[in-house]
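There are 2 protein chains.
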Amino acid sequence: MRWNKISDAVIRRLPLYLRVLDELANEGDTALISSQELGIKAGVGPALVRKDLAWFGEFGKQGVGYDVGFLRNELRKILNLEQEMAVALAGVGSLGRALARYHLKRYADTDSFNLRLAALFDSDPAKVGSEVEGIPIRSLEEIPEVVAREQIKIVILAVPADAAQDVANRFVRAGVNCILNYAPVKLQVPETVQVAPVDLSLELQRLAYYVPKQTR
Amino acid sequence: MRWNKISDAVIRRLPLYLRVLDELANEGDTALISSQELGIKAGVGPALVRKDLAWFGEFGKQGVGYDVGFLRNELRKILNLEQEMAVALAGVGSLGRALARYHLKRYADTDSFNLRLAALFDSDPAKVGSEVEGIPIRSLEEIPEVVAREQIKIVILAVPADAAQDVANRFVRAGVNCILNYAPVKLQVPETVQVAPVDLSLELQRLAYYVPKQTR
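Residue numbers (the numbering used here), protein chains in the order written: chain A, 1 to 216; chain B, 217 to 432.
Check the hints yourself; a few may be wrong.
Computed far set for chain A versus chain B, every beta-carbon distance over 10 Å [what the hints assert, rightly or not]:
{"hint": "1", "residue": "Arg12"}
{"hint": "2", "residue": "Leu48"}
{"hint": "3", "residue": "Lys51"}
{"hint": "4", "residue": "Gly57"}
{"hint": "5", "residue": "Val64"}
{"hint": "6", "residue": "Gly65"}
{"hint": "7", "residue": "Glu74"}
{"hint": "8", "residue": "Ser94"}
{"hint": "9", "residue": "Arg97"}
{"hint": "10", "residue": "Glu131"}
{"hint": "11", "residue": "Arg170"}
{"hint": "12", "residue": "Glu191"}
Cross-link-like lysine-lysine pairs, in silico, DSSO-like; alpha carbons within 27 Å at most [to be verified]:
{"hint": "13", "chain 1": "B", "residue 1": "Lys293", "chain 2": "A", "residue 2": "Lys5"}
{"hint": "14", "chain 1": "A", "residue 1": "Lys51", "chain 2": "A", "residue 2": "Lys77"}
{"hint": "15", "chain 1": "B", "residue 1": "Lys277", "chain 2": "B", "residue 2": "Lys221"}
{"hint": "16", "chain 1": "A", "residue 1": "Lys41", "chain 2": "A", "residue 2": "Lys77"}
{"hint": "17", "chain 1": "A", "residue 1": "Lys77", "chain 2": "A", "residue 2": "Lys61"}
{"hint": "18", "chain 1": "A", "residue 1": "Lys186", "chain 2": "B", "residue 2": "Lys293"}
{"hint": "19", "chain 1": "A", "residue 1": "Lys127", "chain 2": "A", "residue 2": "Lys77"}
{"hint": "20", "chain 1": "A", "residue 1": "Lys41", "chain 2": "A", "residue 2": "Lys61"}
{"hint": "21", "chain 1": "A", "residue 1": "Lys51", "chain 2": "B", "residue 2": "Lys221"}
{"hint": "22", "chain 1": "B", "residue 1": "Lys257", "chain 2": "A", "residue 2": "Lys186"}
{"hint": "23", "chain 1": "B", "residue 1": "Lys221", "chain 2": "B", "residue 2": "Lys267"}
{"hint": "24", "chain 1": "B", "residue 1": "Lys221", "chain 2": "B", "residue 2": "Lys343"}
{"hint": "25", "chain 1": "A", "residue 1": "Lys41", "chain 2": "B", "residue 2": "Lys257"}
{"hint": "26", "chain 1": "B", "residue 1": "Lys267", "chain 2": "A", "residue 2": "Lys5"}
{"hint": "27", "chain 1": "B", "residue 1": "Lys257", "chain 2": "A", "residue 2": "Lys51"}
{"hint": "28", "chain 1": "B", "residue 1": "Lys277", "chain 2": "B", "residue 2": "Lys267"}
{"hint": "29", "chain 1": "A", "residue 1": "Lys77", "chain 2": "B", "residue 2": "Lys402"}
{"hint": "30", "chain 1": "B", "residue 1": "Lys277", "chain 2": "B", "residue 2": "Lys293"}
{"hint": "31", "chain 1": "B", "residue 1": "Lys257", "chain 2": "B", "residue 2": "Lys267"}
{"hint": "32", "chain 1": "B", "residue 1": "Lys257", "chain 2": "B", "residue 2": "Lys293"}
{"hint": "33", "chain 1": "A", "residue 1": "Lys51", "chain 2": "A", "residue 2": "Lys61"}
{"hint": "34", "chain 1": "A", "residue 1": "Lys51", "chain 2": "A", "residue 2": "Lys127"}
{"hint": "35", "chain 1": "A", "residue 1": "Lys41", "chain 2": "B", "residue 2": "Lys267"}
{"hint": "36", "chain 1": "A", "residue 1": "Lys186", "chain 2": "A", "residue 2": "Lys5"}
{"hint": "37", "chain 1": "B", "residue 1": "Lys277", "chain 2": "B", "residue 2": "Lys257"}
{"hint": "38", "chain 1": "A", "residue 1": "Lys51", "chain 2": "A", "residue 2": "Lys41"}
{"hint": "39", "chain 1": "B", "residue 1": "Lys267", "chain 2": "B", "residue 2": "Lys293"}
{"hint": "40", "chain 1": "A", "residue 1": "Lys51", "chain 2": "B", "residue 2": "Lys293"}
It is worth saying that the hints were derived from the structure and are not from the lab. Every residue gets a Cβ at the ideal spot worked out from N, C-alpha and C, and that includes glycine.
This is chain A alone, in the form it adopts within the complex (with noise of 0.2 Å):
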């Protein structure tokens, strides 16, 4: 299912590291940083940043801590932001379009982020043609074509639940390995391909979890 041994809870702290160097350089502060400070500002305990990182190699000395710009560019190389990569929306209605505003907004605002929105889908025939911030709403017969030209790597999905299993599968027999699914539905996908399920509810029902008894 993995490409490796590393649990998937590692490798999502990892971009957490890298927002908070991202930071410090973005501040000109590229000196050194303790593996405490660092696990402060990404909200992640010191002894979980020392575990987490030495699974990549030996980024850090004893006593003296991490090189910002160095831990940056490892973090960029591990996490595979060193070059731009395309990403594709799949379904323009009004979470995936806020999603194609949210993640534009993003990109823009973080160095390291080198994921593009390249393609936008929907199998809307009065959305196709149309854009969104420039980018052209495009029909689900064109993701081959537009996937290689484009050389989509992820597409994030924002489709109806009933829709999500056939786009997905276009996006995957047209070469794409990484999902990121927003539609509530659990997709059957061939065991190269990543999915990482958001589901807005899922979130909220966790957080009930914690609402206080004595306030209920």
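Given the coordinates of chain A, assemble chain B onto it according to the supplied hints.
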């Protein structure tokens, strides 16, 4: 930081199990389910299913499985979803508006949801007083009054990054202890407050890690 020692990774998986049980119950299938089957349907390994549920009690019988109806009720209790819980959304921009619609639709679709979007807030006087899906948009000044009246327990923050801390503070002062944070900023909150950050760009950066090397 937490109300108990059970890892958030465990809590995150409970809504996945609950969704599977909801679907089975909707299909009229209220018999037994094995941890194997529950795991496959939820996308979690069977050993992990057993381990997760064991934190909360003995819900199944070795070699027999779990009673769908019973386990469903127990999970609803654990997740505090037995009674309706009121949720507010702050920031009715394009993302907030899409989230409001998305959440409202999901609530209607899901039996066990029991989370009700009860109030919308925005700082823009031009928006205050208008409605989204029948829910009026209120000013930030109305937070204390509306939180108390509607018994709001969770807030979804979809405000810009530079407004997020102020809006979070307002809800925390009004007694809200659970925040689902879409703003790309780390919130400073008291220890009694639980923040679930949902940073869509972090998810994408994590996915980039899984883009197969040979295709780049």
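Status of each hint after checking the structure:
Not every Cβ of chain B is farther than 10 Å from the Cβ of Arg12(A); the closest lies at roughly 5 Å, contradicting the non-interface assignment. Under the 10 Å C-beta cut-off, the non-interface status given to Leu48(A) relative to chain B holds; the minimum distance is some 12 Å. Even its closest Cβ contact with chain B, about 15 Å, leaves Lys51(A) beyond 10 Å, as expected for a residue assigned away from the interface. Every beta carbon of chain B lies more than 10 Å from that of Gly57(A), the smallest distance being close to 15 Å; the non-interface claim holds.
Look at Val64(A): its CB is around 25 Å from the nearest CB on chain B, clear of 10 Å, so calling it non-interface holds up. Residue-level check passed: Gly65(A) sits 20 Å from the nearest beta carbon of chain B, beyond 10 Å. Every CB of chain B is more than 10 Å from the CB of Glu74(A) (nearest about 13 Å), matching its label as outside the interface. At the 10 Å boundary, the C-beta of Ser94(A) falls inside the reach of chain B, the nearest C-beta of that chain being 4 Å off.
Remark: the non-interface label on Arg97(A) conflicts with the geometry, its nearest Cβ contact in chain B lying 7 Å away (cut-off 10 Å). Annotated as non-interface, Glu131(A) keeps its C-beta farther than 10 Å from every C-beta of chain B; the closest such distance is 15 Å. No beta-carbon of chain B comes within 10 Å of the beta-carbon of Arg170(A); the shortest separation is about 17 Å. No beta-carbon of chain B is positioned within 10 Å of the beta-carbon of Glu191(A); the least distance is around 12 Å.
At most 27 Å may separate the alpha-carbon atoms for a hinted pair to count; Lys293(B) and Lys5(A) exceed this at roughly 35 Å. For the suggested pair Lys51(A) and Lys77(A), the alpha carbons sit about 18 Å apart, so the restraint of at most 27 Å is met. Simply put, Lys277(B) and Lys221(B) have alpha-carbon atoms about 25 Å apart, close enough for the 27 Å limit, and the pair holds. For the given pair, Lys41(A) sits about 21 Å from Lys77(A) by alpha-carbon distance, which is consistent with the 27 Å threshold.
With a C-alpha separation of about 20 Å, the suggested pair Lys77(A) and Lys61(A) falls inside the 27 Å cut-off, and the hint holds. Restraint check for Lys186(A) and Lys293(B): satisfied, since their Cα atoms lie roughly 24 Å apart, inside the 27 Å limit. Our distance criterion of 27 Å between C-alpha atoms is broken by Lys127(A) and Lys77(A), whose separation comes to about 37 Å. A threshold of 27 Å between alpha carbons decides the hint, and for Lys41(A) with Lys61(A) the separation of about 19 Å falls inside it, so the pair holds.
About 21 Å separates the Cα atoms of Lys51(A) and Lys221(B), which keeps this hinted pair within 27 Å; it holds. Straight-line distance between C-alpha atoms of Lys257(B) and Lys186(A) comes to about 8 Å, which keeps the hinted pair within the 27 Å bound. With a C-alpha separation of about 14 Å, the suggested pairing of Lys221(B) with Lys267(B) holds against the 27 Å cut-off. Proximity of Lys221(B) to Lys343(B) is assessed by CA-CA distance (about 42 Å); at most 27 Å being required, the pair is judged violated.
For the suggested pair Lys41(A) and Lys257(B), the alpha carbons sit about 37 Å apart, so the restraint of at most 27 Å is broken. Restraint check for Lys267(B) and Lys5(A): satisfied, since their Cα atoms lie roughly 21 Å apart, inside the 27 Å limit. For the given pair, Lys257(B) sits about 32 Å from Lys51(A) by alpha-carbon distance, which is inconsistent with the 27 Å threshold. Of the supplied pair hints, the one linking Lys277(B) and Lys267(B) holds, its CA atoms being roughly 13 Å apart against a limit of 27 Å.
Straight-line distance between C-alpha atoms of Lys77(A) and Lys402(B) comes to about 24 Å, which keeps the hinted pair within the 27 Å bound. Using a Cα cut-off of 27 Å, the hinted pair Lys277(B) and Lys293(B) holds, with the two alpha carbons roughly 20 Å apart. Of the supplied pair hints, the one linking Lys257(B) and Lys267(B) holds, its CA atoms being roughly 17 Å apart against a limit of 27 Å. Under the criterion of a C-alpha separation no larger than 27 Å, the hint pairing Lys257(B) with Lys293(B) is consistent with the structure, at around 21 Å.
A C-alpha spacing of about 13 Å is found between Lys51(A) and Lys61(A), which places the hinted pair at or below 27 Å, so the restraint holds. A threshold of 27 Å between alpha carbons decides the hint, and for Lys51(A) with Lys127(A) the separation of about 48 Å lies outside it, so the pair is violated. The suggested pairing of Lys41(A) with Lys267(B) is violated, with an alpha-carbon distance near 32 Å, which exceeds 27 Å. With a C-alpha separation of about 23 Å, the suggested pairing of Lys186(A) with Lys5(A) holds against the 27 Å cut-off.
Restraint check: the Cα-Cα separation between Lys277(B) and Lys257(B) comes to about 19 Å, which is no more than 27 Å; the hinted pair holds. In summary, the hint linking Lys51(A) to Lys41(A) is supported, as the alpha carbons are separated by about 17 Å, within the 27 Å threshold. Of the pairs offered as hints, the one joining Lys267(B) and Lys293(B) holds, with about 18 Å between alpha carbons and a cut-off of 27 Å not exceeded. Between Lys51(A) and Lys293(B) the alpha-carbon distance is near 35 Å, which puts this suggested pair outside the 27 Å criterion.
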